Structure formats: C-alpha cells, structure tokens
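Undergrad: Letter by letter, the chains look like this.
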Amino acid sequence: MKLEGTNTLAAPIETVWKTINDPDALRRCTPGLKELKEIEPDRYEATLTVGIAAVKGTYKGTLTITDKRAPSHYKLVLEGSGGTGFMKGEGLVDLEPQGEATLLKWTGDMQIGGLIAGVGQRMLGGVG
Amino acid sequence: MNTRYFGARVTRNEDPALLTGRGLFVDDVRLPGMVHGAVLRSPHAHARIRRVDARRARTAPGVLAVLTHADLGALGDPLPKLIPHPALTHQKTQCALAPDKVRYVGEPVAFVVAESRYAAEDACDLIEVDYEPLPVAATLEAAAADGAPRVHDDMDTNICAHYTQRVGDVDAAFANAAHRFRERFVVDRGASCPMETRGVVASWDARTRRLDIWDSTQAPIPIRNGLAELLGLAEQDVRVVAPDVGGGFGPKIMMFYPEEILVPFAAMRLGRAVKWIEDRREHLVATNQEREQIHDAEIAVDSDGRILGVRTIFLHDAGAYIPYGLIVPIVASTTLPGPYRIPNYHCEFRAVFTNKTMVSPYRGAGRPHGVFVMERLLDRVARELQVDRAKVRRRNFIQPDEFPYDVGLIYQDNAPLRYDSGNYPACFDRALELIEYAGWAARQATARAAGRLVGCGVACYVEGTGIGPYEGARITVEPSGRVFVATGVGTQGQGHLTTFAQVAADVLGVSPRDVTVRTGDTGLFGWGTGTFASRAATVAGNAVALAAQAVAEKARIVAASILEAPPEEIELSNGNAFVRGVPGRSVALGTLARAANPLRFAMPKEWEGPGLEAVRYFAPPQGAFSNGVHACVVEVDAETGGLTIERYVVVHDCGRVINPLILEGQIHGGVAQGLGGAFWEKLAYDDQAQPLSTTFMDYLLPTAAEMPPLVIAHLETPSPLNPLGVKGAGEAGVIPVAALVVQAVEDALAPLGIHITEAPLSPNRLRQLIVEARRRP
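Top line first, the protein sequences correspond to chains A and B.
Number 2 in my numbering belongs to position 6 of the first sequence; there are no gaps in the numbering.
Just so we're on the same page, my numbering is the position in the second sequence counted from 1, plus 4.
Bear in mind the hints are in silico, worked out from the structure with no lab data behind them.
Keep in mind that this is a model prediction, so the values were computed, not measured.
Errors might be hidden in some of the hints.
As the list claims (entries may be wrong) - Pairs of lysine to aspartate or glutamate, EDC-like flavour, derived with a Cα cap of 20 Å:
no., chain 1, residue 1, chain 2, residue 2
1, A, Lys71, A, Glu86
2, A, Lys84, B, Glu132
3, A, Lys52, B, Asp702
4, A, Lys84, B, Asp691
5, A, Lys56, B, Glu132
6, B, Lys609, B, Asp691
7, A, Lys14, A, Glu34
8, A, Lys14, A, Asp63
9, A, Lys56, B, Asp134
10, A, Lys84, B, Asp134
11, B, Lys395, B, Asp308
12, A, Lys30, A, Glu75
13, A, Lys52, B, Glu132
14, A, Lys56, B, Asp702
15, A, Lys64, A, Glu75
As the list claims (entries may be wrong) - If you want the ones that stay clear, here's a sample from chain A, every Cβ over 10 Å from chain B, calculated:
no., residue
16, Thr4
17, Glu10
18, Lys14
19, Arg24
20, Lys30
21, Leu32
22, Gly78
23, Lys101
The beta carbon of each residue, even a glycine, is placed where N, CA and C say it ideally should be.
Pulled out of the complex, with its shape left as it was, chain B reads as follows (with noise of 0.2 Å):
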C-alpha cells in the first residue's frame, strides 16, 4: 500500500469550517415554524408524585403542549435496557416522563413545548407538582447497606448486580506471600462537560410520514433504530444527523435519554419542528456522570515486591437506573491488572442504586479506577518494601515476547481479555528518560533544602479499544474526481474526516483534501454502532482501508479497458491511473468513474455493477490493546493546597498512527480531562442527594492555565488484530492522570507523611490533608 498520508501530520480537513463559524451543530438548526422545549425536572432525589396539575401551565401565553407522563401512551415505558448481563439481576431503566416517583434530583417529570423558549421555561415554573419526599438513599455506602432507603419500591435491596472474577489461586497465594498490602480506595463522581451540551431537533412531515431528527449524540444509527421501533415507523423512514458534536465523551452515547424521545414525540403531535437544547445547570444534574467507586484492594507481593495476587472486592454507584448494564464495573475490574503480570486475582463487585444520576461510561469508563487502584497498591509495596517505585513496576511488567498475552478474565466485548501486542518496558523506559527519573531524587533533595514541596510520579496502564461488533463504509468516486466516504461512526471532534480520508486517500491515489467524510448520517450510512471505546480509527478505519481497496480494484479494472494493459499494472497515484513505468499513459480517477457508469451499451461482467463504489464491513475478533505510560512532576503549595504541575510526559503506543497531530490532541484532551478528574472536577451532593455543583463556579474546569505543557513520544507496536495494524487512543490521555497526580502529590508530601487513597482531590482537600499530617504528633 501507498502510505503517503497515513502517519503525516496533515491538518484537519473539519477545521477550516469549524474555524470560520461555518459548522452545524443541533442549536444552528433553525427550521420554519420551529418551537421550543422545556424540561421540568425533579427538585427532589427521591419523593413519591402525588399529583401533577399542569392546567395552569398549559393556558400561559405561547404554550403549545405540556406534556406528563399521562400523555406518553406506550411511550411512557421503561427505556430500553441496552447491555443487559447475567449478573445483572435488576436491570431498571427510568421512564421518558417519571410516571409515579422520582428517583433524583433532575428527573424529567414534565416537558413543555412553546413557541420560545423563555415561554417555556416560564411555564414549568407553573405546573404543580405534589410531591411526597421519601428517605434518600445518598452515598454508596450507605445505599448498599441493609435497611437503607430502596431506590426501586418491587426490589428488597439496592443491590443491582453482583459479579466476581477469578483468576488462579488468589487464597493461597496471599496465604503464601512474604508480604500482603491492603487499602480502600474511593473514587468520586465527575461530569464530561463537552463544550457542546445535549440537544435534539425534529420535524415531522405528515405528508411523506417522514421523521427528521438532529442530536448531539455518539449513536445516531442505534436512536433511529430505536425510535422507528417506538414509534411504529419504518427505519427508512426516520433519519437521525448527529452533526459537528462539541464533544461527546461517552454520555453522548446513552439510549435513550427521554428527550430524545420527547422532542420527536412532540413534533409529531404538534405538526411543528420541536428544539430542546440543554443548558449547563441541566448537564450537570441529568446527563449521566461517573467514577464513584469504593474499592477495598489487596496485594500480596513476594520479599522482591513481585506480585503474587491481587483482590479487590467493591461497590460502585450505578446512580437510580443502569440502562447501560455493567460496562464500567467491568471495565474497572478488567482493566486493573494493566501491564502486570499477576498470577492469581480476584476481583469482585456490586453495583448499587442510589438516588443520584445515572451512571455510564466517561472517557475512561472504568478504566480510571481500575489504575487508580493497582498504581497505589504498587505505590504501596514501594514504599513498604523500600524499594524504588519504577524498579517494582519494571519487577512486574508483561514482557515483549509474551504476546498474545491471556489475562484470564472476560473483557467488556464478552471476549477473552487478551492483549495482542504491546512492548511495555521499552514505555516505560522512555517516559523515565523523558522525565529525568535518574536524577529526581537528587534534584528533590535540593528543591526541599530550598523549602519547595515538589514531587514525581509514574503511572503506567493498558487501554482496551477497538471492539467490534463491527463498523462499515461507502466509498464513491464522483466524476468530479472526488471521494467521497460515508461511514455510520460519528465525529465529536476526534478528526474523523481527516483520519479516514488519509486512509482512503493512500489507496486511492489523491489527496486527503480530495477526500469528503460524511459521518453520523443515517441517511447516508445506515450500518453501525456508533462512537464509543475509543473504536473508531480500528474498526471504521479498517473498514475504510478495506471498501477503499475494492474502489481501487475496480479503477484499475475499468482503466485497463481504456488505457488497454493488464488491471495489474495499473496504478493510482495524484489522482490518475496510469500504466506502471509509462506515467504518460493516464487517466484520471473521474474520468474513469463516469466511464465506469455508461448511459449505454452492455456493462462489462467483472465490473459487478455501475461506478466507482464500493460498501466493506470489518469486524474484529476482539479489542486492541494500546498502553502508555504518563510522569509528572509537580510541587505543593501547603499554604494554598495549589497544584502547580511542572512537567508531564506522556509515552504512548497505539499501534501505527494514523496522524500524529491528531493524535496528541486527542492526549492533549484527555490529560486536560484527567488532571480535572485528578484536581478539580468533583461533583458535591449533600446528605439528601442535592447536587451541590451545578455550575461552573463550583464544578472547576480545569483552564489553559492550569495545563501544563506536554511531553509526547510516541511507539508503534501494530496490532496483528487488523490490518491497519492501529489500536484506539481515545481514552489514553486520561486514564492514569488520577493515579499519576496523587502519587506525585504524596511524593512531594512525603515529608509530611500523607497518604491519599482518594480521588479526585482538591487544593481544599489537599489544604486539609496538610493541616491534619501537621497536627499529628
């Protein structure tokens, strides 16, 4: 294969419109007639509806509809429930409208419609909703409990599932070990915050019975699907356009959230375009959210520090309803062994209703917490054993020539977890350098002299992307000369049209800039799954490379009739096929699409059928494992409890790089996302389960101001799983940030003897960890 472009940095071919205001996301839909929803949402987290009286509501000025669950019919269901699992006992989903009882604060219980917004919004304020508070089933703990306040009135518990894994021996291993470590961890809630929220618009034409639907989500084939079934429409004939997404993160990808029931529903009772856009205070109490984790983990480890077991027995918060099964405990449990070779494990959990948020992947999607609590248990065995913290990891690590390698669980996609490929010490070995880990306790000594709190950390994990089930392409070739790719994986900023149409463009012979990428239409390509588990470059990508390849069989076939050689010796390069060694004889890509759809005469029989196109599947057997490495320094303000981070280096291995530039955005991104998971983002609930952080002056972003500037290197181990050889790199940038920071923290603390088994922290957090180290005696 030519690679020209597959490995350059080419600039994005979706910037130049999304730099000049030229793109489209759900709110620039503006259509004739449109008007305006309005979400009423519980202030309650757990209360019993006695009475919703709503008259008053729907005779305010401008008020087209108010809809209660009463007006719903059949649509007033549960929701779907979308990964369902063995151990999944009570699988509950919420209610696009909630019929009876609210289970948290910013639970959909009415939905108005108006002819603006304001008018809307103005008119929740005037439904009556009787509401009998129940007791709240507030933290994790407390919720798993017995006798807690249950969630769901027909289940005797919270308890929603309960799922363990083993690998080994684990009993006799710790009976056995020179040493055994144990620690509870507690990860906390976040929220994604793309910088596009939520939001649907649709119109319904009664005349065609068509349904036109646009929504900031990952999985617009999966919402077409779904909502033809609901609606008792033909799949044709509902269309869903995810557009431009100001980022998507892995909430975007939920089905269904009840406005994306509601704004269709309503536009087609109303005759009218419908537009729901969801403001800030809205995403922060009703878009799924995730990480609260309570991990109770051990480690047994022989007189060397090598690992002979681990066991981690824990809760996590599924929050009041889990239509996306059991991914993200999973995923936590699964992703915990990371780069270590560790002969017997046990890993065991209970997923918990609670009457808080929903709960489904985050960018990371469990991954996060499951090297939060390996990295600290490693930190642990140094520390205990007095043995440099990179010479236990360097102890423990997966070697080159194990590959493939069988960790011995289930992964999330119910196949083997196995590891295809991977060179973990050469990783390691280079973020050690990049960080000058040789000279840091050296360069720390002279820091503290001066009076300076600073610290280093490492942290290492392997990242599972690249599941199947599959994800296809179209790819044509315009008699313009163009191509064009249309693929069911929508883009959320991860620079899609530009990847595949590097992949495409090598093949095909033109340029990147030739190439148009249509993703995320379901009128253009109505195959797939959608944009989740950093599974786009290897399973669409692959796809790409493959339809590609059955275009340019077919240019060469139909240019070897006019340029009169042998298919085989024809090549495309700069947008022609020429006769290879003869550039002279050429013909150019559109040409030959035009010739390849004749007006007359018979069709040649290879040609299988009219112009330059061509549809291809891939499927992958299993993920692709990509690994990384991050290091950091940093030093403590103790007065202020402000982090201040000095350098970070990331080493990274995805396989080949489709686009280097793209690729370190996408680590950019995510360790922006991480360090806020690490140091900022923590949303706060009060002992009644109110949400306490629902603007951005108490959930804190992290800024430009508190990056710092990234040391990036990358090395490529191809996947044998596909033919690209890539791996996914979406959730590379966040998933040890958490583990890396509060490790450098507690380095830099060391003097003061603090030990953090917490995340995310926060300076005030830090601030009071500091003072209570310095009252201990």
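Okay, chain A solo, but in the shape it has when bound (with noise of 0.2 Å):
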C-alpha cells in the first residue's frame, strides 16, 4: 500500500521540525497510536489500534526514527504484530519552508499481512 500527500503548515520549519520529533505529538496526531514509549532515542515501543472493515486489532512494535537530518527530513519505521496479522511500513518526512508557513510532504510504503490483509485489503486497494 502507497501513501503520499501534503499538508501546510501554519508554522516555521523549526517549531513543525520539533513537533513532529515529539512522542506525545505524534501519538496525538497517529491515528490508533496508543502508546508511543522510548526505548532509546528515536526508537519507540509502539502500541497500535487499526481496524480495516470489520477486522479490529491491536499491534505491537517499534517505531525508529532515521536519517534525520533536521530540520527537513527524517525517515519512520515502523513495524507491528497482533492476532490479526502484521504492518510493516516506512515513510520519508520532508519539510519545506514556504514563507512563515511549512508544506509538510511524505510518501510511505506499507505492507500489511495475514488476516487483515485478507479482509480488509479491499477497502485499502481493492482486489484485482
């Protein structure tokens, strides 16, 4: 599954760069993200909730921050297991300056397997 979009910003590059480093503030802004612990810097035990149709399931993983290279980019990891199946995904996170305001970029690759694959790829990409 490919993701890709953008999003400005009302900030400068600095506060967005911070905020985006911040566990309580990706936690808030995660979808289904429970709880983000640190385990060692940039590297985060990670407890997800995603459901895709009527398949419902907490994971559990990391979350690593790499290549960093503030204020601008940085690369996310991400990996979980749960009963109905596994996520593994990465995204590049790239911050643009555009006056007093920041356009935000990321494309990420997921793939997801085992049960919630199965069921819920539809309402992710559709069966070919």
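Take the two lone chains and join them into the complex the hints point to.
TA: Shown next, in the form of structure tokens:
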C-alpha cells in the first residue's frame, strides 16, 4: 500500500520539526496510536489499534526514526504484529519552508499481512 | 443382464435424509466430552521462525493443549510423498506444524485444543511467534527466474521438476508448415469451495486402543493406512469414516492435511474426542488450490488449417510443497491434444515452487488448462486463415473408425494415452445443431446492428476417466431381503448410493430402493484408493456389478435346491427367485439368504461359503476416455464488463449412462464451477503473496442468478474396457468452460479486435480490456 500526501502547516519549519520529533505529538496525530514509549533515542515501543472493515486489532511493535537531517527530513520505520496479522512500513517525511508556513510532504510504503490483508485489503486498495 | 434400472432416471436414494436434515456431516458428529481445536497459521508468505512462545496460551482459560512442532516427535517429520515421478527431483512436503520456516500464508504453526472453539481461537492470539520475514517468491514467472528467492533452502532453484514428452518430429513439422502461430496463455488460481469445508473428529479409546476418525475426505482408506503407520497402530484398530461429504472436487483427497494428523494426535494425548472444522477463510488460504500455469504455445498448420504440429512449453505453479506430485501438469499436457489428430506434439513443463498455497488436483486437474491452450490455438488458426471455427475443428477430428487411438503419450496413470472409443464428429454436430450454429452469423449481424455485443463459442475436450488401480465391493443379501453394498469409494455428492444400487438391483432382480449402499467407512470395507479422476462409476461400478453377479449365482444355486430345478433355469426378479416360465414356483431372496446360512447340518460344497455374499474387485488396464462439446451464446455489456450467458449446450459421451438424472446433476455442477473459473472466481494475491480474496466478498462464486439454463444431450459410445461399458463424467462439466467463454466473449467483442489469452476473466478485467481496445487508434 503506497501512501503519499502534503499538508501546509501554519508554523515555521523549526516548530514543525520539533513537533514531529515529539513522541506525545506523534501519538496525538497518528490515528490508532495508543502508546509510544521511548526505549532509546529515536526508537519507541508502539501500541496501535487499527481496524479495517470488520477486522480490528491491536498491534505491538516498534517505531524508529532514522536518516535525520534537521530540520527538513527523516525516515519513519514501523513494524508491528498482532492477532490479526502484521504490518511493516517505511515513510519519508520532508519539510520545506514556505514563507511563514511549512510544507510537510510524506511518502510511504506499507505492507500488511495475515487476516487483515485478506479481509481488509479491498478497503485499502481493492482486489484485482 | 436385466437392465430395468440401469439407464433410468432413478431419483436419489440419498436425498430423503439430506433434504430433511438427517445427513451426518463431520460437524454433526458430537461425542461426549468432545473438545475443539484451532490452528494458528502463518501470516507471512515466507519467514523464518525464530521462536514460538506458547506459555500464555497454555495457561489461558479452557485451554487443554497447545502443540507446536517441538511437541510432535516423529509426527513432525515431513508428511508422505504421495505420487513420486522420476522427473520430480525435489518432492518437498510440509510438516504437520512448521518447524523453522513458513512458506505460505496459512501454513500451520501451532494447534490449540480447548473446551470450545472460541477459547481455542482466543488462545491462538496469545501465542507469540517471532518471525524473520524473508524475500518472497510471489509469482510463477519470478519464482522460476534465476536468482529468485528460494522457497526451499537446500535447493539452488525453485524448479522441482522438468518433464518433456514428444510425439513425432515437431521441429520438422514446424519447419515445413504453411502457417505457424505462437501465443502465451495464462491460467490463474481458483479454489474448490465445497459447501462443506474440511473437518476432522477423532476419538481414542485407551482401553480397546482403537482410534475412530470422522474425516471429510475423498480417501478414507489411504488416510487410515497412513495414520496407522504414523501412529504405530494396527490398520484394523483405526477406523476412518468419511460420512456425508458436502463436496470434494479433488482437494479433499490430499494425504495428509496437517489437521488429519493433529486432531488424532491431540485426541490420543488428551484422551478426549477432538473436533476441528475448517472455516471458510482457512479454506481459501490453506486448502489446496489449482490452475496456475503459463503456456508458451505454438501451432503449425497447413494452408487448410490441418494441424501439423503443436508445441507447448509451460510453467506450472506447485505452491510451496508438492506432495501430490506431477499429476496436474501431466494431465494438462496429455489432455491438450483432445479430440484432434496431432501428428507431431511437444509438451514440456517446469513445476515451480512459489510462496503460495499448495496445488493438487481440483475438478479438471489440468484438463481445463490443456483444453484452453488447444482451443485458443484453433481459434487463432480460424481467425488467421479466415476459416470458420467449426470447420477448422471438423477438419482435425479423430474419426470414429480410428479407435483405439494411440495419442503417443504416457498418461497420468503411467499407461499409454490410448482413447478407447468415441465419436467426436457426431458430438460436435449435435452441439452445433443445439446451439443453432448454422444461423449464427446472421443472428449476430442482426444483434450487432441493434448495438448488442453477442458472441458464440464452441469448444471440445476429451476427458481421461476411470483409471486404476482397482476398487472393490462386498454385496450381502440379508434375511430381510435387503441388499447391502459396501465399497471403499466414498461419495461427496455424486449419487453413489443410487447408481451403485441401480447396478446391483438389475443383477439381483430387486428395486434400487431395496439396496443400501455404504461407502467411505473403513470399518465396512477396507480396500480401495479413493474417489478421484472421475473413476467411481467405472471402477467401483464394475466391481459392484461383478459382486452382484457372484451373489446372483449363489442365489440361483441355493434356490435350485429349494425349487428343485437346475440353477440355470432360475431367474431373479421382484425380490424373488423363480423357475423360468413358472412364476408360481418362487422363493423370496431373503428366504434364500436365511437358507444359505444354516444353523445345523452339512453345507453343500458348491456354496463355497455361507450366506448370499460376495466380494469382487475390478482393475481396469487403463483409463476410459469420455468426450464432449460445449457451446454457448453470450452477451457482453461493454459499459460494465458484465456477461450474460444466454444459451448453454453440453453434448457429452461417457459411454453407457447409468442414471441420466445424476449425470445431468454432475454436468450442472461442473458447468457452474467452470463458469466460476472462467469469469468470476480468482484467487488474488498481492506482490508479497498475501492472499487477498479470503472471503466470499472478494472470491466471487457464481450463484443461481449467473447460471444459465443448460441444454444437455448424451451420446453413448460404450467403453470396451469394462463390462458395464461406462466412462466417467465427474469433470465433464468444468473442463472446456474457460476456453468456451473466452472464445464467445472474443466473438462478441470482435468489432473491437480484442484478443483474450487469459482465464479467469472478471467483469473488471473485461471492462479493462474493452477500455484499452477503445483507446487503441
């Protein structure tokens, strides 16, 4: 599953960079992210609850931030598994100043497997 | 032989119980103290198992046992290799529970037994498996390529077999041909989807040391024999019953599915009866599948469209393991020539491991692929040479005076592929007549003028059926006069309780209603191989006839002494034995059964044994070859990709017909499955071999609404290979359907110049083809 998008945030790039490096802020703005516990710098233990169609599940895993180039770029790596399957993904986040505001761009590739892939896939990408 | 019931539309003996809810399917087996199993399956298509931690699951409420590979001992070894072949150099089989690596989504990793299925499934969620995902061999072509991720570490490739058969001099034929046409054909995966999924119940009696198993299988006897060996029990102390089975279609003849080991093992360990019933999602990921092949095929013809040579080089997707050997690709290779005279033929395949569910025969078992390739090649010839499709076929038929016809190949039963009998042109002409082919061009022109996209198709096939090695039957007449037939060949809806009864009834002079047929219970009959390859009526049917004749002979001998007439003057009719021409001098069959089992005094030597009972076996030297022609008229909705089948004709020759009603039922069911495989049913996988169609929301089975009314006609060319003259019909309905539907759709879309080389289609795919064609300049 490919993810891609942009958003313009009404804040200077330094503020946005700080925010997207703050575990509390990440938890608040990520749907389903219940818990984010720092286990070492830029590495977190994550608990996610995600539901696709009739399949809702809790995943436990890790979230790692790498390839940091402050204040404009990092890579997010997410891995988790639970009773309904597993997920594994990588995303690149880039920030660009736009006057007073900041353009946030993201691209990502998410792989899901197990029950959630089989049942939920058509909600995500359709069945060919 | 009296043939009063053979050939009659006798309604089915099995239906009163089934229609009133009194059938016994595996899930109906409820035993005292019975507990329930659930399987934890791999969510990964390919991963190493670093660690399995079942501690939390073991202490969960209601959980009695959690089995992982480490708990299985010798039962954890790779499961039996069923059908070896010299060309199959790497016959990998799976373990009942994965030891260190999983190779497809759905592969069993742990088995939980609990007081309820609910508790067992919840406990599965508590098992922690640490997987290291590995690169995936997801598609057939990618898996066959050099450098592909390897499904099995000890192989340096995923190719487990490479096999070639040749007839004549193909290269010379192609070199000298007026025309050569090359195509690439892709046939994708489907699932068998019986109404009843798989299921196993096992009960162990520690006092008698006897194991009872109810298994929704097509092969109870091999399951019993194999389990006895694995568990160190006497075959006689293991009883496997395949009770009422709600559809088999091939995948239920695997031996073993992991659950067939795990359930008995857990029952013996716990001393409790254990039940496991497959759910639909499990069926769509973990029960064997079929049909994925890619053919690079070529045909050489003369200027009139006469076939000079055919060549196909194809890849066969085996899935992650190949317990069933090369049956499917061999059947595909050997079914391809069909009813046509092909003097030079080259078929060559590679069987390839992929990180997908295993492949073993599913109704058709390679035949639909072979027919798809051959019929599509002939359609190409017709189009290129601008000769009518029907004419091209007619020019190439094997003629009725050419039988037995040796195709020159070795068939799946390891015997020469020799068609025993048939009349291919007659079948073809009858089909054309019923589809009104003569007026088709004009009707199509009228429809096109009205803006309708209508198409017609006609496709032919030869179906190898009735292969050995053998089957048997025991027939017993009880003092009540009731006749009991026991055979090892189980029934999954084919109507054996009726057709075998008809065969016995005619010989013994009783009604089929007086004949109770019992199948699929190793406690009643312990010799046989199973129900597969459209062989039950041919192989077991003839064994029933032979056993009935032996019982009739005995009845005449016993009656002769009572009626004071020579045995050869005794006739059997209406449940009585009587002296020919003197109906008043008669004695009931039941009375003879009682007389044949005396309590005192000497027994006449010529009786050989007590009672009216005989066991006989039938072992055909080779398979019997049925054939048929399907034709249809379809209309395509170009805006939605929807397909309406307006008329569907099946003309079919399976030798002498035992019961036309049952035969028509077989064809109806087969055509429904064929239409699914042609246009709706497709097992989709993503690029990591994750199955995407794991519910009936995404895996589209045709329903009554999609089924066209069928027009069915039979021709009867008796097989010379067996006393009844019968041939099999189990797969007839399904074999040519994909080839036929694609041809008809292509005909409908001829104005758009669409050329279809794949199956199954789908409304989506068809719409996509239409849109692409309209975009072309």
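Undergrad: With reference to the structure, classify each hint as holding or not holding.
TA: Here is what the structure says about each hint:
This hinted pair checks out: A:Lys71 and A:Glu86 have alpha carbons roughly 7 Å apart, not beyond 20 Å. Using a Cα cut-off of 20 Å, the hinted pair A:Lys84 and B:Glu132 holds, with the two alpha carbons roughly 17 Å apart. For the given pair, A:Lys52 sits about 19 Å from B:Asp702 by alpha-carbon distance, which is consistent with the 20 Å threshold. At roughly 14 Å between alpha-carbon atoms, A:Lys84 and B:Asp691 fall within 20 Å of each other, so this suggested pair holds.
For a cut-off of 20 Å, the pair hint linking A:Lys56 to B:Glu132 stands: about 11 Å separates their Cα positions. Between B:Lys609 and B:Asp691 the CA atoms are separated by roughly 73 Å; this puts the pair beyond 20 Å, and the hint is violated. With a C-alpha separation of about 16 Å, the suggested pairing of A:Lys14 with A:Glu34 holds against the 20 Å cut-off. Proximity of A:Lys14 to A:Asp63 is assessed by CA-CA distance (about 16 Å); at most 20 Å being required, the pair is judged to hold.
As the CA atoms of A:Lys56 and B:Asp134 are separated by approximately 12 Å, the hinted pair is consistent with the 20 Å bound. The straight-line distance between the Cα atoms of A:Lys84 and B:Asp134 is roughly 14 Å, inside the 20 Å bound, and the hint therefore holds. Annotation: proposed proximity of B:Lys395 to B:Asp308 holds, straight-line Cα distance about 10 Å (limit 20 Å). Taking the CA atoms of A:Lys30 and A:Glu75, the gap is about 15 Å. The hint holds against a cut of 20 Å.
For a cut-off of 20 Å, the pair hint linking A:Lys52 to B:Glu132 stands: about 18 Å separates their Cα positions. Restraint check: the Cα-Cα separation between A:Lys56 and B:Asp702 comes to about 28 Å, which exceeds 20 Å; the hinted pair is violated. For the hint linking A:Lys64 to A:Glu75, the alpha-carbon distance of about 19 Å falls within 20 Å, and the restraint holds. Distance check on A:Thr4: its Cβ is at least 33 Å (rounded) from any Cβ of chain B, clearing the 10 Å threshold; non-interface status holds.
A:Glu10, annotated as away from the interface, keeps every beta carbon of chain B farther than 10 Å; the closest lies near 38 Å. In this structure A:Lys14 is separated from chain B by more than 10 Å, as the shortest Cβ-Cβ distance comes to about 34 Å. Consistency note on A:Arg24: stated as away from chain B, and its beta-carbon is indeed over 10 Å from all of that chain's, at 28 Å minimum. With a minimum CB-CB distance of about 17 Å to chain B, A:Lys30 clears the 10 Å threshold, and the non-interface call stands.
No Cβ of chain B comes within 10 Å of the Cβ of A:Leu32; the nearest lies about 21 Å off, and the non-interface call holds. Residue placement check: A:Gly78 does not keep its beta carbon more than 10 Å from all beta carbons of chain B (closest about 8 Å). No beta-carbon of chain B is positioned within 10 Å of the beta-carbon of A:Lys101; the least distance is around 25 Å.
Hint compliance for this structure: hints 6, 14 and 22 are not met, and every other hint is.
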